[in-house]
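S.K.: From first to last, the protein sequence lines stand for chains A, B, C and D. Take the first sequence: its letter number 8 is residue 8 in full-length UniProt numbering, and every next letter is one higher. Take the second sequence: its letter number 325 is residue 325 in full-length UniProt numbering, and every next letter is one higher. Take the third sequence: its letter number 180 is residue 180 in full-length UniProt numbering, and every next letter is one higher. Take the fourth sequence: its letter number 147 is residue 147 in full-length UniProt numbering, and every next letter is one higher.
Calculated directly from the structure, the hints in this document are not laboratory data. Any given hint could be a false lead.
Because identical chains cannot be distinguished in the list, a pair is counted as satisfied if it fits within a single copy or across any two copies.
Below, simulated DSBU-like cross-link-like pairs (lysine-lysine); rule was C-alpha separation at most 35 Å, straight line [stated by the list, open to error]:
1. Lys294 x Lys198
2. Lys172 x Lys294
3. Lys150 x Lys243
4. Lys281 x Lys194
5. Lys124 x Lys150
6. Lys143 x Lys243
7. Lys281 x Lys243
8. Lys208 x Lys143
9. Lys294 x Lys211
4 protein chains.
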Amino acid sequence: MGEIAYTNGITNGVGNDKSHSPPNGYRKSCWYEEEIEENLRWCFALNSILHTGASQYQDIALLDTKPFGKALVLDGKLQSAETDEFIYHECLVHPALLHHPLPKNVFIMGGGEGSTARELLRHKTIDKVVMCDIDEEVVEFCKSYLVVNKEAFHDSRLEVVINDARAELEGKEEKYDVIIGDLADPIEGGPCYKLYTKDFYELSLKPKLKKGGIFVTQAGPAGIFSHTEVFSCIYNTLRQVFKYVVPYSAHIPSYADIWGWVMASDSPLDLSAEELDMRMKLRINEENRYLDGKTFLSSSTLSKAVRNSLNNETHVYTEGAARFIYGHGKNA
Amino acid sequence: MGEIAYTNGITNGVGNDKSHSPPNGYRKSCWYEEEIEENLRWCFALNSILHTGASQYQDIALLDTKPFGKALVLDGKLQSAETDEFIYHECLVHPALLHHPLPKNVFIMGGGEGSTARELLRHKTIDKVVMCDIDEEVVEFCKSYLVVNKEAFHDSRLEVVINDARAELEGKEEKYDVIIGDLADPIEGGPCYKLYTKDFYELSLKPKLKKGGIFVTQAGPAGIFSHTEVFSCIYNTLRQVFKYVVPYSAHIPSYADIWGWVMASDSPLDLSAEELDMRMKLRINEENRYLDGKTFLSSSTLSKAVRNSLNNETHVYTEGAARFIYGHGKNA
Amino acid sequence: MGEIAYTNGITNGVGNDKSHSPPNGYRKSCWYEEEIEENLRWCFALNSILHTGASQYQDIALLDTKPFGKALVLDGKLQSAETDEFIYHECLVHPALLHHPLPKNVFIMGGGEGSTARELLRHKTIDKVVMCDIDEEVVEFCKSYLVVNKEAFHDSRLEVVINDARAELEGKEEKYDVIIGDLADPIEGGPCYKLYTKDFYELSLKPKLKKGGIFVTQAGPAGIFSHTEVFSCIYNTLRQVFKYVVPYSAHIPSYADIWGWVMASDSPLDLSAEELDMRMKLRINEENRYLDGKTFLSSSTLSKAVRNSLNNETHVYTEGAARFIYGHGKNA
Amino acid sequence: MGEIAYTNGITNGVGNDKSHSPPNGYRKSCWYEEEIEENLRWCFALNSILHTGASQYQDIALLDTKPFGKALVLDGKLQSAETDEFIYHECLVHPALLHHPLPKNVFIMGGGEGSTARELLRHKTIDKVVMCDIDEEVVEFCKSYLVVNKEAFHDSRLEVVINDARAELEGKEEKYDVIIGDLADPIEGGPCYKLYTKDFYELSLKPKLKKGGIFVTQAGPAGIFSHTEVFSCIYNTLRQVFKYVVPYSAHIPSYADIWGWVMASDSPLDLSAEELDMRMKLRINEENRYLDGKTFLSSSTLSKAVRNSLNNETHVYTEGAARFIYGHGKNA
């Protein structure tokens, strides 16, 4: 099988031997290419194209890449990669749940991939998780192909709803300890940007949080330059709606950038690293791979430039004035 | 299949409408990339990576490409593509067989892909084809995956031998009406360059041709610049060994170049276009897609620059002085 | 040369030594990339980006590429490359001029690059060449940067007119022995497609040909697949307007394809290879690098598939029903 | 000038307008491509190739890239980019200088680019900076082309020495308050890996630090996966030689990764964010763009996985057992 390493790049140990460049060009002849920005490309050598499909909302692909393992790609944008999705999902889920005194039920907007539910279900206090994704095909696709989330998808505490998150929240009486925004970036014409507006947060989401409830959302790129695309606006928009708002970020190698999240509540969000570590021990099954108290301290201590520009951000998302990042959704 | 169409860029309605560029980048996110020369790249958008493997001699891959359909890649060099391999194989096989008065048995050096045998077996006069390829894995790989050659592989007139062509020719008494060189390009360290030398042609091959027999070989790139890589030398080497030598060439889109072949014999090779057309009608089942009399006239009338440099070529291939084209074989 | 050798990291002659692949990746770190089709890319290693500019009609760039030398790029499509533009321009100019008994004045539609004029001015019989290009910037750009055409641009027999070719032809009384179409491909929104229609040929162009006059135009890709983009339609459109129409083609390496031209007249166009060679000797200063009698015979003997599909083409270009190739002009 | 934006990518405002994808493919036809790892490519659209050269040690290029401005490339690896080099250089220089009570003289190993000297010279306490780079051509190249460092190169406090850093340190009596390692990554065959060994630190470098002196070095990629390439080993090697060792890291967009530095001393390195901010105000001319007290707190609080693997690292660099990252130096 070692031989295969030489074929258009099927992986094997040799691939990791950094001290030898390939004997000839053909070793890496198949590539996945993503335009991170108009003038910036990020390319992964491919082992294979595992599955492809499409829904009425977006295109779906599961690739096997050399540098980052299996990669889920929606509308040509990498959603998560096997080797480092744990960073994104631990950062999305655990800070909010740990800051909550006793999280029992959680509502996920989006999250069809299943990884967010997987992280939630590691919390012993959780007795109900509602995953509300608008795209049934994506959910089915991930259910079938993302082995790592098989268990979560079959957990009796998980309820999968195929619906628009706003409609679902507004249409039901139920209130939640934590609501999680695991939505696609607010891309023009994409299915999600309406779920990042002040009105939505104020009128649809906040009323569905129990007293002391916490909302957390992924908030797009948070690099020293890229944070102005949506991170600072999401932060500033939530600042209009909640008393306490905590932005934090972490580097995700497969995204070639720092990623951001924003946690918001009307109750204080100010646990020490030690307190967080203690709660993790008590409440979470198995150990985190990425997040611990010190890591969160570091993640929530933004660098000078980002900190300042978040503080100075004045833009607020409204349906009339969304701010967009590069790329178009299918409905553009 | 329709599903696949949407992902990593398979055409849908829009895809064919050349007047619209894709609405977003993801349409063409997976690519096969070949270094035609050190400074020249040729990239095909990919539908999928169908199969990969390797043998002791070379690496094997079958890709599904958007522009050229299924593509067989050996050692990272495109061997043949579904949409245009008929050009290569009709040019390799039919001119020699048609110029022969009554070709009954043919020996193929290499040809493991099976397409050369397929074209040969279309000739009603043929009662035996020996395909002698050194690489059993390639033969098995193509047998399993190249549907288009399934019938040929199961034709009772075809005898597949796994052996070095030289050893096979020297080791057997049998003589042939036509011998066909369907070998990989003479790449340094590649398995084949010894089968392009004057000694081999004179001492091993020619003795196995019956009286009036014809030898034809693929002869590498034949473009206005690229013909000096090997085409002119193969021509000049054969000129040392045979009385009549006819070089000809044709454009093969998936190779991004003109390709060359050389036909050689001690009997005249000078049929008219009309005579060729007549023999095709009489001897070949079904119609050719590429080759007819006029096409061969055009193919064998080389452009001024190539014609002159072939006439002036002095280099002769010997084991001591092979001339190589870009790239390395695994045994380099 | 030394300097160029140093660009994007090459440090020595090894770059030409095909038998060695570069020891590390950086040797070829800068690339020009062209989308030949939506799913097909053609990439040249770059030495440098010499000049860039833009006009109201199109974007202009002069690149120094490793495989093909200096390359003129308009609207992101390679127009001509130093190493092989002679093929395109000899094929465009000489067949028509040689078939004409005594060509004295010639009108070039487009041709701002200057190479077409350069080839025309090699003909001893020529006393006037009108080059009518709509884009003054392109003409000035090429005048300044394309050293190879400096002499031609300063030849007293050359008259450069900045105007729309149609307006110029209609607005003047003068008639010509030969009219040459050296226009950009008929791309939707491009400046040129109106100059490929039956009406234009019949009502504007033909009346400006003297008795026995000849029209020749570049006719886009002419490969076994690509000829259906515009070549067959241009041929069929001219067939409606002229008694004798001769399509021919040649491989141009830097285009990664066969290219086509169509020559048309109401007088017979049927010189033998020998006759062509004789006229070249008598009429053209210096020897052609690409074209001679036999080469033209080969070029004008199309391969079976192309020949048949040209014969069967029914589409005629009219302003209402243009057929387009991939890409967009700026006015799209 | 807007027009030019359409040319092979000369930059203008439009490039930043994320809400519009380019009207056609050609807008980004020239690219710089770097292999970050064997299976990972990072590509910048190019405006132009400004300057290229080579020395006996390495190849040198200055590119004008769209996403990151002017970029200095040595041996095909990006060294620093105009838009974000301040992150690297502020992190390399200021923490060590600020932790020192009164830094007066500093020795830079490498640093030929001039940016490290530039940052040092912003410190009011500095009266002498020795920049010791082995490659005169690089120093001259940067002196001529990196406008941003012109002032620094002409500062009377800067002494540029062309020599091997080890030889220079060993050959002179002078001792320094701070020594800075601004060397190329320890690449196999590269000029620098000997300057990352325990012996060098112990026997050559440490003796040249004054009492209370501080050493800081760039320490390669420090991402959650990439930190094992060299960062953890450099940290562990310094841990063998100094009492107090502080690793820290920051994301550098143009590197597509987190970068690491290690600061080491026999005196404590434990200033609070507030103390750091105060010292910056007092000692540094102009404000930092990247670094302040909180940023350093965050940078020096490594994420769980990196923290643990640094603590558990056992490898120590010795000349016999260097550990290498991908790529080869010219002397490989």
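S.K.: What are the numbers of the hints that this structure violates, sorted from low to high?
M.R.: 2, 3, 4 and 6
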